[in-house]
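> Reading the sequence shown from the start, the letters are residues 1 to 402 in this note's numbering.
Hints are not guaranteed to be accurate.
[Said to hold, decoys possible] Within a straight-line C-alpha distance of at most 30 Å, the following computed DSS-like cross-link-like pairs (lysine-lysine) qualify: (1) K223 <-> K256; (2) K306 <-> K256; (3) K127 <-> K328; (4) K243 <-> K288.
These aren't lab readings, by the way, just hints derived from the structure by calculation.
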Amino acid sequence: MEVLLPYGKGKIGLDIPDRNILKIIGAKEIIAENEEEIIERGINREALRKFRGKIAIVVDDKTRPCPTKKIIPYLLDELKGEIKIIFATGTHEAVNEKEAQELLGDIAYQYEWISHSQSSEFVELGKTKFGTPLLLNAEFMKADVKILLGDIEYHYFAGYGGGRKSVLPGVASEKTIEINHQRMFHENSRFGVLDGNPVSDDMENAADIAGIDFCFNVVINSKHEIVGAFSGGHREVLREGAKMVDKMYKVEVGHKADCAIIASDGYPHDINLYQAMKAIQTVVDVVKEGGSIFLVAECSEGHGSKKFYDEIGKYKNSQEVKEDLLKKFIMGKHKVYYMLKACEKFKIYMVTKMSEEMVSHFRMKKIEENEILDHIYKNHGKDAKIVVSPNASTTLATLKSQ
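Hey, can you work out the whole structure from these sequences and the hints?
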């Protein structure tokens, strides 16, 4: 069987014998009917018309696939006031002018926009009810009306992206983000879990304190087409969208495989290793311990985080990282924990533009796509069972309940 794996803005083809394929982890694809109609059904124009004064619209940066320039015009058509668009970068690099034009289209020339960054001015808002000191972007907090715009997809310890994540981490200080993310070791801090997830609960409380007036989120299919649109309070929007994400992207596997061949869903999910490694976490429950995972990710911007690169060289195992993170959480180091934990359990290989030296630094081995089956047969035999997940960053593989 030939499978196509997204790689940057293109695809890589692999021919895998049918006897080896245990499961193709494919989304239960919903075909986009008419995107305009979907947006219209979900937008609630009447609610938007009531907003006046200084209006802040928080939108995603380049590391997220949200089709912002498709959906933001529907909001701008109804909003009357002094509008400022804020890119929610968290601790990512600030959005530059070229990127803003790519993300917003002509709107980048028509409306004022700024990028959140850790050099921004912050406003202290006390603590969340979970004890997280809350410091948020001052320009965001000056707004009379605060609107969140984004997409809903799986997140490896917040459960799902979307909704409240536009606030924390989106426009939050590094200190706030670090304390929140320290809760990632809880058993409920994982893909597809909202109820009882302390990371998500803290994020939602932060959004409540900030005073979010309106949230508009979309769900997209593997072709990045809009198939669902939800508006209203950030909590309700997230939960409605999460139901749709589960329906589309949660896939059960009958038993564990010897290997997984996965792609990070292409650009922008595989823009760098910092983003692409999320794909590994979506298949860890369906691969045998000691098995192999082959990650196909272009990583055109390399590792994506100096902190991630520097910190992984300091540790022998994930337990050491966990102990340090519980003492003081440092952004970038949490990715080291997940990377090392996966490498301790599986052999991990990469098909990527990154150098062999770079891949080795992150405890993986670089190979070419035409070497994948040779590695599988050598290490697991000619009858090895393989799960294939072409859109692993957005598709969650779970083990079927016996």
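> Take the hints in turn and mark each one as holding or not.
Cross-check of the supplied hints:
1. K223 <-> K256: Cα-Cα ~28 Å, so holds.
2. K306 <-> K256: Given pair K306, K256 is violated - Cα atoms ~35 Å apart, limit 30 Å.
3. K127 <-> K328: holds (18 Å)
4. K243 <-> K288: Holds - the C-alpha atoms of K288 and K243 are around 29 Å apart, at most 30 Å.
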